[in-house]
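Peer 1: My request is simple: use the sequences and hints to build the entire structure.
Going down the list, the sequences are from chains S and H. Position 393 of the first sequence, counted from 1, bears residue number 393 in the numbering used here, the numbering being contiguous throughout. Position 139 of the second sequence, counted from 1, bears residue number 139 in the numbering used here, the numbering being contiguous throughout.
Please keep in mind that the hints were generated in silico from the structure rather than gathered at the bench. A quick note: this is a predicted structure, and the numbers were derived from the prediction, not measured. Ideal placement from N, C-alpha and C gives every residue a C-beta, glycine not left out. Any given hint could turn out to be false.
Coverage of chain S stretches by chain H, computed from C-beta distances (three or more under 8 Å per stretch; other residues unrestricted) [stated by the list, open to error]:
| id | region |
| --- | --- |
| 1 | 8–17 |
| 2 | 179–186 |
| 3 | 285–298 |
Restraint ranges, calculated between C-beta atoms of paired labels, are given here [said to hold, decoys possible]:
| id | chain 1 | residue 1 | chain 2 | residue 2 | range |
| --- | --- | --- | --- | --- | --- |
| 4 | H | Pro76 | S | Ser325 | 29 to 39 Å |
| 5 | H | Gly215 | S | Phe67 | 46 to 56 Å |
| 6 | S | His337 | H | Lys155 | 40 to 50 Å |
| 7 | H | Lys155 | S | Val421 | 29 to 39 Å |
| 8 | S | Cys154 | H | Asn89 | 12 to 22 Å |
| 9 | S | Leu244 | H | Ala138 | 43 to 53 Å |
| 10 | S | Arg363 | H | Thr261 | 51 to 61 Å |
| 11 | S | Arg71 | H | Gly250 | 54 to 64 Å |
| 12 | S | Ile420 | H | Ser294 | 54 to 64 Å |
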Amino acid sequence: MQLKRPASPLHLGLMAASCALLSGTARAQTTEDVGQPVQIDADLLYYKENGGRVQAIEPLVSLKKDFGDQRLLDGTFTLDSLSGATPNGAIPAHKVQTFASPSSTSLTPKPGYKTTLYTIAPGDLPQDPHFKEQRVAGDLDWSQPIGLDNTLSCGAHASTEHDFDSVAAHAGVSHDFNEKNTTLSVGVNEEYDRIHAHGGNPVPGSDYALYEKEPSQTKTVSGGLIGLTQVMRRNWLTELNYTLDHSQGYLTDPYRILSVLDPVGTVTGYRYENRPDTRTRQSLYWVNKVALGPTVLDVSYRRGKDSWDIGSDTVDARLRINLGSGMYVEPHARWYHQTAADFYNLYLGESGPAPAYMSADPRLAAFSATTFGVKFGITTGRNGELTLRLEQYQQKPSDQSSTLPELQGLDLNPDLKATIVQLSWHFEY
Amino acid sequence: MSSVPAAADGTLGAPHAPEFEVVPREGGIAAVRFVAMASPCELLLDTTDVGAAHEAGRLAAQEAWRIEAKFSRYRPESIVSVINRSHGNAVVVDAETAALLDYAGQCHALSEGRFDITSGVLRRCWRFDQSDRLPDAAAVAALLPLIGFEKLRWKAPRITLPTGMEIDFGGIGKEYAVDRVLGLVTARFAAAALVNFGGDLAANRAPGAGPWQVGVERPDTEREARLLLALTRGGLATSGDTHRFLLRDGVRYGHILDVRTGWPVPQAPRSVTVAAGSSVEAGMLATFAMLRGSDAESFLEEHGVRYWCLR
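Peer 2: In structure tokens:
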């Protein structure tokens with residue numbers, strides 16, 4: 001069966017490929033020519049709350065450069081633009097309420113001072129309609145292996161807004177063992193923030209009518225993390241993380257006030273909120289990723305607890321279903337519940353001295369929230385991916401009414417609904 | 001001179017004792033023997049210098065073990081295992097792995113998708129133990145979404161393998177090791193050499209006494225089919241294993257699987273032996289031919305290949 005026929009294009013192609021494989025020089029050239037790829041992520045997020053409340057547009061660009069040997073530099077640039085109305089903390093009333101926007105330097109018009117007032121119709125939730133904020137943020141992260149089984153990562157973050165500047169740094173080490181089936185990670189982070197509210201920072205806990213302001217304030221956050229990642233089976237990965245952080249300094253929201261009510265529920269005034277100047281937070285996070293054939297299930301649970309008495313539970317599940325032809329769909333469901341901060345109150349009573357700490361910030365209230373969404377992904381070319389995420393968020397506070405006669409028929413802490421649309425593009429070249 | 005069974009090609013095996021032996025043979029040939037990739041490995045040198053044979057033997061065995069440790073899917077520390085455990089994250093690979101992945105990609109393209117290094121997941125369903133236990137059709141179909149070289153992202157030096165998928169260099173690894181060892185030995189030693197890893201072999205030139213006489217054993221239940229070939233230089237590889245099949249209702253299901261269906265290629269030859277410029281080239285041509293099933297012979301003839309086919 002010896003043949004004299006000349007080699008075909010297929011055979012010639014295979015000869016060339018085999019020669020290239022066996023030729024060390026060709027190989028060395030290949031890697032030199034190709035270099036290391038750069039990954040680009042471009043992202044546009046749109047967030048809109050119901051009832052004319054906050055809407056946000058957030059473009060983000062991330063560049064990841066690989067320097068070989070798993071040394072990775074990751075830079076992210078984010079631009080946020082928020083606008084709309086944001087609740088100021090006061091509750092609805094049966095009469096018209098008038099407030100000053102935070103940029104005002106006086107509650108009443110007088111020479112040399114700036115006053116921007118807004119009025120709230122009876123029954124409506126008091127919201128500052130002039131809320132507008134822009135944020136510019138940059139992140140730079142570096143990671144590299146140390147020896148065969150360790151990875152070092154470190155990074156820095158800086159962001160600036162009209163009323164808030166933040167710088168932060170973090171460093172961590174992870175160690176692989178058990179034939180790289182187990183990874184132990186530890187990390188620390190430190191953050192320094194400066195708060196300089198529009199029109200000055202109000203004196204925490206002071207009477208709104210006095211409109212007392214003070215210079216800029218600072219806070220620091222120090223934290224640590226310890227995590228364990230374990231490959232349970234070839235298609236099952238589990239990860240357990242414990243994080244602890246401690247904040248110190250000005251933790252009060254300079255724009256939040258509380259309504260002060262008389263015994264029947266009539267508004268008699270307002271007070272700026274005041275939060276403790278320390279907060280310690282702990283959280284335990286457990287996530288499982290399971291591949292069921294081409295479908296990947298991602299389920300996580302987080303338990304959080306802090307020194308303000310807020311306890312929270314989060315259950316999150318995602319199911320990534322591959323549709324073939326480089327397309328996938330990923331339904332997402334999330335349930336969240338938290339208890340209220342021990343100094344949270346819908347409003348303050350008039351009688352007796354004001355409490356040491358107080359806030360009516362709905363984010364510190366007891367509430368439950370659900371998120372339902374879906375993400376579609378499609379690969380574009382050999383190295384690109386386009387994804388579209390659509391989500392609906394609904395937050396329901398536990399405490400929405402009062403027995404006080406003047407507050408009957410008022411929704412004191414309305415539900416919050418938000419829609420999230422995110423378009424992402426990932427590309428490598 | 002060499003007579004070893006044509007084992008399942010490219011099966012990269014379990015760990016073994018890292019030792020080799022040098023046995024002088026008649027005709028002034030030194031034979032080095034060791035075990036790598038679950039196969040008996042042999043290096044024949046046209047020399048009476050036992051010291052040189054020892055040195056060449058150490059070089060050959062260490063290279064074979066290096067390749068096995070680096071690319072065996074059974075070794076948890078191998079790059080293949082790292083990629084298979086990457087859970088959809090990109091893995092940056094070295095130049096040698098990149099060259100093998102490029103080669104696998106080129107073979108995938110040249111074979112119009114028939115040869116595919118992601119097809120190993122089908123082993124979860126198929127056990128060719130000569131029984132009549134065919135897998136459940138639904139179970140086979142369920143694995144198909146995890147197969148396809150086009151689904152992984154590969155651009156040197158970065159590979160991203162979707163979660164659930166696996167790669168292996170079966171069908172490339174052992175042949176590559178044969179060619180690498182021959183290249184190293186040729187560069188260092190003057191003697192004519194023949195490398196034989198479990199029936200996949202390559203030679204640099206003929207010894208003084210004439211061409212290498214190679215016996216390729218092709219065990220068969222019905223007849224003993226032994227090929228005796230003269231090899232001067234180049235590679236020789238055999239695809240197929242007459243012991244690995246299932247038999248049900250008179251239909252023989254060979255172990256060469258069609259990645260498009262997940263089922264054995266119908267009417268594939270029991271074994272195909274190909275002679276070519278190198279062991280990798282010979283091995284891939286033999287594999288391509290097996291994947292053509294009943295057209296194996298016409299495929300080989302069409303492409304001008306020297307071959308020996310057993311049906």
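Peer 1: Against this structure, judge whether each hint is valid.
Peer 2: How the hints compare with the structure:
1. 8–17: Check passed, 7 qualifying residues.
2. 179–186: holds (count 3)
3. 285–298: With 5 residues closer than 8 Å to chain H, the region 285–298 of chain S meets the three-residue bar; holds.
4. H/Pro76 to S/Ser325: 29 to 39 Å: About 33 Å separates the Cβ atoms of H/Pro76 and S/Ser325, which means 29 to 39 Å holds.
5. H/Gly215 to S/Phe67: 46 to 56 Å: The hint (46 to 56 Å, Cβ to Cβ) holds, given that H/Gly215 and S/Phe67 are roughly 52 Å apart.
6. S/His337 to H/Lys155: 40 to 50 Å: holds (45 Å)
7. H/Lys155 to S/Val421: 29 to 39 Å: holds (31 Å)
8. S/Cys154 to H/Asn89: 12 to 22 Å: For S/Cys154 and H/Asn89 the Cβ distance comes to about 20 Å; the hint holds.
9. S/Leu244 to H/Ala138: 43 to 53 Å: The hinted range 43 to 53 Å holds for S/Leu244 and H/Ala138, with Cβ atoms some 49 Å apart.
10. S/Arg363 to H/Thr261: 51 to 61 Å: Distance hint for S/Arg363, H/Thr261 holds at roughly 56 Å.
11. S/Arg71 to H/Gly250: 54 to 64 Å: Check passed, 59 Å falls within 54 to 64 Å.
12. S/Ile420 to H/Ser294: 54 to 64 Å: With a Cβ separation near 56 Å, S/Ile420 and H/Ser294 satisfy 54 to 64 Å, so the hint holds.
In summary, this structure violates none of the numbered hints.
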